[in-house]
Structures are given as structure tokens and as C-alpha cells.
Amino acid sequence: EAQVTQNPRYLITVTGKKLTVTCSQNMNHEYMSWYRQDPGLGLRQIYYSMNVEVTDKGDVPEGYKVSRKEKRNFPLILESPSPNQTSLYFCASSLFWAQGARGEKLFFGSGTQLSVL
Amino acid sequence: KNEVEQSPQNLTAQEGEFITINCSYSVGISALHWLQQHPGGGIVSLFMLSSGKKKHGRLIATINIQEKHSSLHITASHPRDSAVYICAVIVRTYKYIFGTGTRLKVLA
Numbered sequence: 011e012a013q014v015t016q017n018p019r020y021l022i023t024v025t026g027k028k029l030t031v032t033c034s035q036n037m038n039h040e041y042m043s044w045y046r047q048d049p050g051l052g053l054r055q056i057y058y059s060m061n062v063e064v065t066d067k068g069d070v071p072e073g074y075k076v077s078r079k080e081k082r083n084f085p086l087i088l089e090s091p092s093p094n095q096t097s098l099y100f101c102a103s104s105l106f107w108a109q110g111a112r113g114e115k116l117f118f119g120s121g122t123q124l125s126v127l
Numbered sequence: 002k003n004e005v006e007q008s009p010q011n012l013t014a015q016e017g018e019f020i021t022i023n024c025s026y027s028v029g030i031s032a033l034h035w036l037q038q039h040p041g042g043g044i045v046s047l048f049m050l051s052s053g054k055k056k057h058g059r060l061i062a063t064i065n066i067q068e069k070h071s072s073l074h075i076t077a078s079h080p081r082d083s084a085v086y087i088c089a090v091i092v093r094t095y096k097y098i099f100g101t102g103t104r105l106k107v108l109a
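Those protein sequence lines, which keep their order, are chains A and B.
Following this note's numbering, the numbering of the first sequence begins with 11 at its first residue and continues without gaps.
Following this note's numbering, the numbering of the second sequence begins with 2 at its first residue and continues without gaps.
The set of hints was computed from the structure by calculation and includes no laboratory data.
Virtual Cβ for every residue (Gly too), placed ideally from N, Cα, C.
Do not rely on the hints blindly, as some may be mistaken.
Taking beta-carbon pairs under 7 Å as the criterion, some of the chain A residues facing chain B (in silico) [stated by the list, open to error]: (1) 53; (2) 78; (3) 118.
Produce the complete structure using the sequences and hints provided.
Structure below.
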């Protein structure tokens, strides 16, 4: 089954304790990205990657790191989490496209609810 | 002012009604997505548009690039259509910018 797998689903941690949220896709997609969703602010892009070893910042990259060593995996790393990073996080992937693409959908993981105390 | 604005923010409809959700944006875009977020939180991509119109079942999405506006229509609405509908634009650097969503409730 084609899917984006995110783990863990729920995570409670304390300020300063490094954590990683994993994201894996089995569709051979080039494009992968991370988002956070907060009440009243909606979804905001954290980082994205257009292929292996190619990553770029979204709108809210501060406090986050990513790496893309393999095509299928795109982990999100919080080196020193803080309470303002408490949020619902989503990973997503799609086939890479350029001008003239014919409508490629974005496939989302099921989300990770992170609480930083 | 947000770069992507959706209207209305909340919408309640009776089953069978025709529904329109609007998305206006102020930036140059390569394409636009319509997403559906279920009450349980999962997000599904409904359409990606760069021009014209797309239809899937009871859902129709249109985009007018010159006017920087897109609409999502739901014909013969059903309670299972109750969800948050989110507009997302792709700017030329392949970044995504999202609207804050339209919360739709369809009553039986």
C-alpha cells in the first residue's frame, strides 16, 4: 500500500531533550516536506527536500533540522526542543514536478502530536 | 494580511446543498492544492491545479490565475463531507503557503 509513515503518533518530552520524528514513504517520491499545524495559524512549512541531499527552509525552520540521506526517509530533528514547538506535525511527499506538471497530489503522514513541557 | 485567504472560515449547510469555498492569494504561484482534513486530523489531497478546472466525483475545483482566485465546489453535499478544507499555494521556490482553512459542517 502506498503510504507515508510517520512515527511516533504522540510524543511528550521535556525542554532540551533531543528528539527525532521519523518519516518514510514507499512511493519513490522525490519531494518530501515537514509542516506544523497550530490553532489559528494553520499549516506552516518547516523544511522541504526536492531530492537526496537537497533540502531547503520553509517559513518556520528555526529550531529544526532535517536530513535526506536516502530517498525514502526524511527525519525531523529537534536538537533542543522548547515549549513553543508544541504542535501537530505532518510529513508529506509527492513526485517532484516543475512548470507544466499535470497535477501531482501531496501524500500526508498521519501526524505527530508533540508536547514539550 | 495573509498571503492566502480563505472564505468563509466556517460554513454550515443542509444535506444536498451546493457548497462553494473560496481561496484568494496575493503571491505568484506555480500551482494550488485543495486539501481535506478529517475530524480525526488526517489530511488528504483533493486536487492540484495550475489552470482551469478539475472534477472528481461531487467535487469541482477551479482556478483563475489572472484573478489569483480558486474555488472548491461540492455538489449534493453529504454529512461525510464535514471536514476542514485547506487551500495551499506553491510559490516558485517550491515552498507551500497555506490558508487557515474552512470548517464545513453538513447537517443531515
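- Could you tell me which of the numbered hints above are not met by this structure, giving the numbers in increasing order? 2
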